Amino acid sequence: MEKFLVYIATLLNVSKRYNDTKNFFRNLLENDNYKYKKYFDFFMIIIVLSSVFILLYDVKNTLGKILYIYDIYVVTTIFIIEYLIRFWIYNDVRDIILNEYEESSFLNKKFDTKKVLKEIFAKKLEYITSPFAIIDLLAILPAYRPLRILRIFMLFRLFKILRYTKSVNNFLAIIKTKKFELITLLLLVGFITFIGGAVIYVFEYKVNPNISNFFDALYWSLITISTVGYGDISPITIQGRILTMFLILAGIAFISFATSIIASAFTEKLQEVKTQRIENEAHKLKSFYLICGYSKITELVATNLQKDKEKFIIIDLDEEKIEKANELGFLALKADITKKETLNMFNFDNIKKIFVLTNDDIINTFITLSLHSHTNKEIIAIANDERNEQKIEKAGASYVINPTKISALFASEYIGNPVSFEIITAIFSTDSTIKVDEVEVIEDSFLDDKKLQEIDFDKYKLILIGVLKKSELNEYSIQFAKKFFYFNPKQHIKLDKGDVLLLIGDIRNINYFKYQLQKSSL
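Just so we're aligned, residue 0 is where the sequence shown starts under numbering that gives the first Met the number 0, counting upward by one.
Hints were generated in silico from the structure; no laboratory data involved.
Predicted model only: the values in this text are computed from it and were never measured.
In this text, a Cβ means the ideal position worked out from N, Cα and C, and glycines have one as well.
The reader is advised that the hints may include incorrect statements.
Using 30 Å as the maximum straight-line C-alpha spacing, the simulated DSSO-like pairs for lysine-lysine come out as follows [said to hold, decoys possible]:
# : residue 1 : residue 2
1 : K285      : K393
2 : K352      : K114
3 : K308      : K295
4 : K113      : K2
5 : K36       : K339
Ranges between beta-carbon positions, derived for each pair [stated by the list, open to error]:
# : residue 1 : residue 2 : range
6 : E385      : Q478      : 17 to 23 Å
7 : I71       : E102      : 45 to 51 Å
8 : L55       : S104      : 56 to 62 Å
9 : I362      : L171      : 54 to 60 Å
Assemble the whole structure, with the sequences as input and the hints as a guide.
As structure tokens, this is what we get:
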């Protein structure tokens with residue numbers, strides 16, 4: 000028995016097909032971030048609602064053959080298969096067997112088959128007795144039509160929808176955080192209901208024709224304390240009416256207390272829910288910019304990206320800054336970008352560029368270092384102090400920008416050439432459609448392996464400012480970040496994949512140029 004269990008467990012453990020299949024179903028049923036789960040959830044909701052409709056229709060009508068087959072064979076089979084798959088993926092039996100085998104081999108003791116089987120049984124029983132598993136099982140029972148009493152379990156098919164609706168699950172999770180308070184309130188309501196029922200029973204039994212037993216008294220007490228008051232049972236004695244007033248006031252207090260508990264639970268969990276929503280949005284982002292740190296520069300960068308309809312997300316640890324970013328309509332998340340769990344949140348293949356824009360150079364250096372060790376994506380960082388530029392560059396930044404130096408450069412330019420400065424400022428104002436943009440040469444596009452003289456920029460009404468190349472040519476260039484920028488380049492320069500053109504022109508013309516470039520590479 001021992002050898003057989005270990006052999007099967009080892010066989011399953013090394014089987015790629017088995018592990019891939021199990022991971023697929025685990026993601027499909029339990030992983031909210033899995034791309035196919037939402038389709039599965041929608042499919043199951045349709046199945047559940049259609050089956051409930053059929054069961055309700057069957058109460059007063061005779062089912063046709065098609066509906067009967069659909070309900071008995073299709074719906075029930077799907078429910079049974081789902082139940083068995085959830086039973087299978089709940090835990091890994093092979094891990095229990097292999098752990099015991101390794102422990103017995105290491106400690107040189109006998110393999111405890113009884114202990115292994117007991118643990119396997121306990122784990123599976125844990126699933127079977129879980130609330131959702133019970134609902135799943137009860138949802139299957141209405142298919143056995145000879146026992147009409149089982150049809151009451153069709154209501155449990157509606158409860159299955161809880162599995163597939165995330166908002167309801169979030170609500171239940173929030174309520175669960177106040178379980179102690181709600182249970183305490185429920186016990187108090189039950190106690191007061193019992194006392195009220197007992198008192199009214201004593202005063203009104205044989206006096207009030209509507210109270211003939213203790214259950215009637217309890218029913219009246221619960222209806223009164225809930226402030227529903229159907230009016231089918233009314234006290235006729237003075238003592239009973241005094242009790243009614245007390246119960247109504249107590250009921251109002253209980254309802255207020257319950258409302259405050261639920262409201263406080265939502266308030267406490269609101270930030271967590273918002274964070275979860277933003278994390279889910281971050282998972283779905285494709286071709287976006289990652290901005291680390293919220294500052295005045297971040298606000299300007301984000302505004303321009305938003306205007307250009309580019310996708311981006313801002314990461315910062317300061318809750319006030321994140322709230323401010325959200326108020327401005329930016330997608331922002333409170334998180335530590337240097338933590339592994341935050342880094343794993345993003346698919347770095349989908350990130351265009353990374354900006355590190357905090358007001359602290361030490362933090363910028365640390366963030367840059369963490370990101371550079373995790374990805375080779377281009378990192379653009381700011382250095383608030385000129386002395387820290389080299390440190391941030393050595394940490395892994397592709398480009399380091401000093402805002403103070405740039406401001407000084409602009410100021411000196413304004414003093415020396417005020418007219419030119421005003422014209423440039425007017426061109427690049429937020430109201431202008433004239434932009435300077437960079438266009439990367441894509442492999443197999445109409446730019447790839449072409450000389451500049453072969454490209455008709457006038458056709459697109461664009462002006463070429465310069466070319467950024469990885470290789471050095473026998474031409475005057477400005478070197479930075481191990482690349483070479485050729486201002487007003489000679490027409491014989493040939494473009495290669497990965498080169499960057501710096502163009503100026505109307506934003507619509509630039510976008511059209513990019514579109515044609517992408518189209519030609521397909």
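Q | Straight-line alpha-carbon gap K36 to K339, limit 30 Å | A | holds, 25 Å
**Q.** Status of the given 45 to 51 Å range, CB of E102 versus CB of I71
**A.** At roughly 48 Å between Cβ atoms, E102 and I71 fall inside 45 to 51 Å, so the hint holds.
Q | CB-CB spacing for Q478 and E385 relative to the 17 to 23 Å hint | A | Since E385 and Q478 have Cβ atoms about 19 Å apart, the given range 17 to 23 Å holds.
(Q) Hint check: K308 vs K295, CA-CA at most 30 Å. Holds or violated? (A) Given pair K308, K295 holds - Cα atoms ~20 Å apart, limit 30 Å.
Q) Between L55 and S104, is the Cβ distance one that fits in 56 to 62 Å? A) holds, 59 Å
Q. Within a Cα-Cα threshold of 30 Å, do K113 and K2 meet the stated pairing?
A. holds, 14 Å
(Q) Run the distance test for K285 versus K393: straight-line Cα separation, threshold 30 Å. (A) Holds - the C-alpha atoms of K393 and K285 are around 29 Å apart, at most 30 Å.
**Q.** Proposed proximity, K114 with K352 (alpha carbon, max 30 Å)
**A.** Violated. K352 to K114 sits at ~54 Å, over the 30 Å cutoff.
(Q) The hint says 54 to 60 Å between I362 and L171; measuring C-beta to C-beta, is that right? (A) violated, 39 Å
Violated hints for the displayed structure, listed by number in ascending order: 2, 9.
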